[in-house]
Amino acid sequence: MSKVSLKIEFGGGLELLFDNQRSYRIDVPSEVPIDNSTDEESLSTKEKKPVDVKYLIHHMRDHMLKERVELFMEKDTVRPGILVLINDTDWELEGEGDYKLKSGDEIVFISTLHGG
Amino acid sequence: MAPRSCALCQKAKAMLKRPKTGQQICRDCFFYVFETEVHNTITEAQLFNPGDRVAIGASGGKDSTVLAYVMKTLNERYQYGLELFLLSIDEGITGYRDDSLETVKRNQEQYNMPLKILSYDELYGWTMDAIVSQVGRKNNCTFCGVFRRQALDRGAAMLNVDHIVTGHNADDIAETVLMNIMRGDIARLGRCTSICTQGEDTIRRSKPFKYAYEKEIVMYAYFKKLDYFSTECIYSPDAYRGHARAFLKDLEAARPSAIIDIIHSGEAFEIKEEVKATQKVQQTCQRCGYMSSNPLCKACTLLEGLERGMANSGITDRARKKLDAGGPAPDNIRTIPFFSRMNSGGNPAIAVEQPS
Chain G
177 MSKVSLKIEF
187 GGGLELLFDN
197 QRSYRIDVPS
207 EVPIDNSTDE
217 ESLSTKEKKP
227 VDVKYLIHHM
237 RDHMLKERVE
247 LFMEKDTVRP
257 GILVLINDTD
267 WELEGEGDYK
277 LKSGDEIVFI
287 STLHGG
Chain L
432 MAPRSCALCQ
442 KAKAMLKRPK
452 TGQQICRDCF
462 FYVFETEVHN
472 TITEAQLFNP
482 GDRVAIGASG
492 GKDSTVLAYV
502 MKTLNERYQY
512 GLELFLLSID
522 EGITGYRDDS
532 LETVKRNQEQ
542 YNMPLKILSY
552 DELYGWTMDA
562 IVSQVGRKNN
572 CTFCGVFRRQ
582 ALDRGAAMLN
592 VDHIVTGHNA
602 DDIAETVLMN
612 IMRGDIARLG
622 RCTSICTQGE
632 DTIRRSKPFK
642 YAYEKEIVMY
652 AYFKKLDYFS
662 TECIYSPDAY
672 RGHARAFLKD
682 LEAARPSAII
692 DIIHSGEAFE
702 IKEEVKATQK
712 VQQTCQRCGY
722 MSSNPLCKAC
732 TLLEGLERGM
742 ANSGITDRAR
752 KKLDAGGPAP
762 DNIRTIPFFS
772 RMNSGGNPAI
782 AVEQPS
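First to last, the sequence lines map onto chains G and L. Going by my numbering, the first residue of the first sequence is number 177, and it counts up by one from there. Going by my numbering, the first residue of the second sequence is number 432, and it counts up by one from there.
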């Protein structure tokens, strides 16, 4: 299965939910289940789509997040108040969760909810 | 999606969508419009006079860090003629404030501004760690809020400044409007949207980021690579505000103008004269000279409760009655040094003496 290599960064206190590590390099499959399930079985059996940011968020929840999922996700996306940048551009300009990931992409998640 | 070019310069690639306007703009245009809007806020409200000494309330967090950077930039660009200081309050919270103060100390060097740190321990004889060990984690935010407000004024008096600016942003103000409506706090609802407030003998206080969205402040800090500290206070955050905040963020996701709309709603409330008449008149605290709506200010009441081992007496009326029934305050309890302010001369305006 081919892979997409990404760099993930956290800011604004969000790293606290991810083992207090600010930067990760991860690989995700280039083809992923349409329903964003991330377990091995779904990955091999379910209908596929090219990997996008929405899948990445689910992958992070299922495989990287250490605590308190409600502070990271709400419904099917990141919680309001978390900013996402794709290669330093506001994800609202890149199609948000529908952005198709490619190797070398750098995704930054910043919480605006922590302290003034 | 194909990359779009900036709606303002039409040249560079757009890198952010402004929540206020929906405009898609590039990094440099964003810096320019963000700074210019703050400048416009400052000039329209006539916040400063040339030669003013201004303290920036600095916590090391994103808002005050960006505020210090932008104040320095605008002061130089538009020749405001201000003398800027950083003023930090050390609440005495191990593992939280001590770390964030390190950020402020770096800001002092990066921005080349004098820094004054005033601690609760120095002013009140109690750190928040000590207060929490006595009162628990239920009402500790009340102590911290009341003590911080007065500490900022007193720190500002020590610096002999004319003005304090704080990093309160549009999201903070919209949250406060919502909270005051939900609590029916008419007096505060009327005040909370003012860009500048001034008590009788306290120092002017204003919010240059009144119309700046939190998203833009965070983006500004990110693009400028500003050094800020972001950890939640270890003594559970203000739960009520947390709910207002989450609600506001949901509204913003559905309609980004919601934040500015709520501020406008708060500003548009008109309070009937007969309601205003029931509000308490400002006076000065008999014990410490700070502005107060009662003979004894809130900070003195809370401190007396702590000193007499009846910490809740500042929180509820019932507990206060119990305290009063215990007789007048003993002479040997710790009190806050008397507050007085001088407008002339370079000497610190209050005597700082450690009660024995």
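Fair warning: there could be bad hints in the mix.
[Unchecked claim] Covered by chain G, according to a simulated footprint, are these stretches of chain L (three or more residues, beta-carbon under 8 Å):
| hint | segment |
| --- | --- |
| 1 | 442 to 453 |
| 2 | 671 to 683 |
[Said to hold, decoys possible] Restricting the straight-line Cα-Cα distance to at most 27 Å, the calculated cross-link-like pairs of lysine-lysine (BS3-like) are:
| hint | chain 1 | residue 1 | chain 2 | residue 2 |
| --- | --- | --- | --- | --- |
| 3 | L | Lys655 | G | Lys183 |
| 4 | L | Lys444 | G | Lys278 |
| 5 | G | Lys276 | L | Lys448 |
It should be emphasised that the hints constitute simulated quantities derived from the structure, not laboratory data. Beta carbons: idealized from backbone N, C-alpha and C, even for Gly.
The hints, checked one at a time:
1. 442 to 453: holds (count 5)
2. 671 to 683: With 5 residues in contact (Cβ-Cβ under 8 Å with chain G), the coverage given for the segment 671 to 683 of chain L holds.
3. Lys655(L) with Lys183(G): Holds: Lys655(L) and Lys183(G) sit about 20 Å apart, inside 27 Å.
4. Lys444(L) with Lys278(G): Roughly 19 Å between the alpha carbons, so the hint for Lys444(L) and Lys278(G) holds.
5. Lys276(G) with Lys448(L): 19 Å, holds
Of the numbered hints given earlier, the model fails none.
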